[in-house]
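Let's have the full structure, built from the sequences with the hints guiding it.
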Amino acid sequence: MSPKNYSRRSFLQASGALTIGSAITSWKWARADENKGEASKIKAHRVLGRTGFKVSDIAMGTGGLDDPNLVRYAYDKGVNYFDTAESYGNGNAERRIGEAIPYLKRENIFITTKLVLDSEETAQSIISRFEKQLERMQTEYIDCLYMHSVKEVKRINHPGFHQAVKQLKSEGRLRFAGISSHGPSKKTQDSMEDVLTTAAEDGRFDVMLLVYGFMNKEAGDKILQACKKNNVGTTAMKISPGFISVDPFDPKNPAPEQQKQLKRMMDRGLSEEKAVKRLRESTEKRMKELEKYKPFYEKYGVKTLDQLRKTTIRWVLGDERMQTICVSLRSFDLIDQVIPLSGTRLSSLDKDFLKRYGLLFNSGYCRHACNTCQSACPAEIPVSSIMRYTYYALMQGREKEALQKYAGLGDKNAENCLTCDGQCTSVCPYGVDAQANLLRAHSVLTLT
Amino acid sequence: MKVKLLFIVLLIFWEYAFSSIHLSKIEGWKTLDKPLSYNPQTLWEYIDGAADLFLSYGFEHLISQELEQDSIIVVLDIYDMGKPLNAFGIYSAERPSKAGRWSAGAEAVIIPPYQALMVKGQYYVKVNVSRGNLETEAAYALMQKVAQILPGTNNYPQEFTILPGKNRQPYSYSYTKENFSGLSELNSCISAEYQSGDYGSYTCFAVVGLEQEEMQSIWTTITSKWKKDTFAKTEVYYRKIPYKGYVGVIKKNGTILGITGIKDKTHLFEMLEQLK
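First to last, the protein sequences are chains A and B.
The first sequence begins at 1 in full-length UniProt numbering and counts up one residue at a time.
The second sequence begins at 1 in full-length UniProt numbering and counts up one residue at a time.
Simulated from the structure, these hints should not be mistaken for lab results.
Hints may be right or wrong, so weigh each one.
[Said to hold, decoys possible] Chain A stretches covered by chain B per the calculated footprint, using a threshold of three residues with CB under 8 angstroms from any CB of chain B: (1) 66 to 80; (2) 91 to 97; (3) 331 to 338.
Glycine is no exception: its CB is placed at the ideal position from the N, C-alpha and C atoms.
As C-alpha cells, then:
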C-alpha cells in the first residue's frame, strides 16, 4: 500500500467525501492487473428499465473527458452506455463523443446527456440547447435526456422540460427522458431520496441517475425499489469507497507526505520542535482510530485500497436492481482496470467483509447527498463545503487551495463547533458524529 | 495569527484587483442590474456540476454581469483563476477545438451566434447570449473591449516559451491539468500542435508548474512504466497510445519534454533528439 495514500485517505473514511470518478483516478494500479485489463472486455449486460436497451454493466462517465480516443477505447472494450452533459467542459465532453462517433456503431450504443434547467426555462429554449447537443455529438438522436441535478421535488413537473421531451420524442430526436439528483445544496431543498422516489412514481421518467454505494445504501434502496416497481432504468454514480491507514511517524525519517506537512507548518512560522510535536500527536490520534479497523483487514486479507474500491464497484454490480454503474473513465489505465470488473460478483467473503465494514463504519461515515445536519446547524456553517475542502486537502493534494478556501469562510467555520452542543450529530439519520467530523476537518484545514 | 493576517491582506488585494474592473466602461454596452459575484463555495449555485472543473484549475472568483446592446442581451462572466496558466487551462478545456480563434486578450474563440470565450492573464472570460444573436464581428468587438478593462498583458502564460517555435501552429496552445492524452502519468502539461513536411502533424508538450518532488514523481512513473531507448546519445522513454501512435519524452534541464501523435518510432526518436 502506498504510504502517501494511506495518510491522505484517513479523514475521508469518516467524511465520506469521496466520489468514484475522482477517487478512482488516484488508484495505484499494479502492473499485473494492467496487463490483464488490456485484454479484458465487458462481460455482462442488463436491461435498462423500460427502455429495453441492454446496457453494459459498466458505463462511461465523461466529466472532464478530453480525448475522443478514450471513448473509442471504452467502446472497443464493450462499453455501450456513454453519459455526458452540456456542462462538462462547456460542451467539450459532448464534442469528444462526437469525434469518436464515426468509429462506433450508433445503433449499438446508448447516449445520455443532461441539462441543468432554470425553473422558468421554456420548451423552446430547451429544444434549442438540445439541438446544439446533437450537433456537438454528431448524432441525429440522443437516447436519453436527463433533467440534471434536481434538488426539489416540485421541479419534477418542469413544464418546459416535459413539453420539450414530448416534441423531441415525436420528432425522433430523443428516445427517453431521465432525471438525476445529487441531493440538496441548500437547507430549503429536498433530499435525493424524495426527489427520485417521487420521479420514479411520476411515470414520465424512463431512467435515473443516483448516488449509490454500500455505505449510503438506505436512501438508494428506497429509490431502487420505486424504480423496480415502475420499471425505471437505473444508473449509479458517485460510489463512496473509503479507507483508513496511517504512516507511523519517525521524526528522523518522516514519510514524504509527513515531510511536506512539517515543511508547511514551519513555512507558517512554527518552530521545528512544535511542528514535530503536532505531527506526532495527530499521527498518534489517527493510528489509535485505525487500530479498531485492523482486525477486519487481517481477517479478510484486505491489504490495498484497490481491493476495497474494486470490491465496492462489485458490490454495486451485485445488486441486480442497479442496471449500470457510471465511472468517469479519464485515462486508458483506468479503463484497463475497471473493465475486468464487469460481470463479477462479490464472493461471500467480500460480502461478509462489506457487511461488517458497513456496520463498523456506520456511525463514522457521512453520506453524500444527505446534508440533513446543515439545516440543524445554529451557526449555519456550510458542512458539505467544509467536507469538500477536506477532500481537496487529503485526497487531491490541493492542501494550499483547501486551506485558502476554508479561510475564506471567515466566521462560518468549524471553530464554532467547539462551543456548540452538537445538534448536527443529534439530527443525523445515520448516527454519524458530525460535530467530531467537523472538528477534525477544522484541524486538517488550519494545520492545528 | 500570521496566517489570518495573510488572508486578510490577500482578501483586500483581491477586492482591490476586482474593483479595478469597471464593467460599466464597456463602450456601447449597457449594464443591466447589479453584477453577481461567486466564490469557490458558491460557484455550484451558478454552474452546478461544471464547477468541479473550474475548481480543479484553481478558480478563485467570478463576477457575472448582464449587458445589453440594441436587441442583444448577453451574460458576461469573468472568472479569476488566480494564475495565467490556470486561466489558460480552463479556457483550453472549454474551448471548442474547431471554433475560430481570435487575437483578443491572449486568445479568444467565437462561436456565433451564442457564445464567445477569451483568456487574458489570470482571467477567463465567457460570454453567453441570452437574447438575440451575437455575430462574429460584434462578439470580437465586445471581447476586445472586455480585454481593455482587464488588468495584465495580452501575452500567453510565460510557461509556453518552453515549447519550440518552429512548425508550431498558431493558436494551438493548451494546458491540461490531468491525464494529458489520456495518460494518467502525464499531469500538468502545456502543449501545442505542430505541422512539418517531414513528420506530418504532431503535438509537443512539457510538464510545468509542479514542485520538484511532484515532477520527480511523474518522471519516476514514466521511467518505470515506459520503454527505454537511446537515440544519438539521447535517452528517450516511449509508449504507444491507442489509435494515436507513439508518445515519447526526454528530460532537459530538469523539465520533462515530449512529443505525441507520431506513428513511426524512428521519427519519434529523431524528433526527441532535436528537442534535446
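Hint by hint, here is what the structure shows:
Under the rule that three or more residues need a Cβ within less than 8 angstroms of chain B, the assignment of the segment 66 to 80 of chain A holds, with 6 such residues. Counting residues of the segment 91 to 97 of chain A whose CB lies closer than 8 angstroms to any CB of chain B gives 3, which reaches the minimum of 3, so the coverage claim holds. Figure legend: the segment 331 to 338 of chain A, annotated as covered by chain B; annotation consistent (4 residues with Cβ-Cβ distances under 8 angstroms, at least 3 required).
The structure fails none of the hints (numbered hints given earlier).
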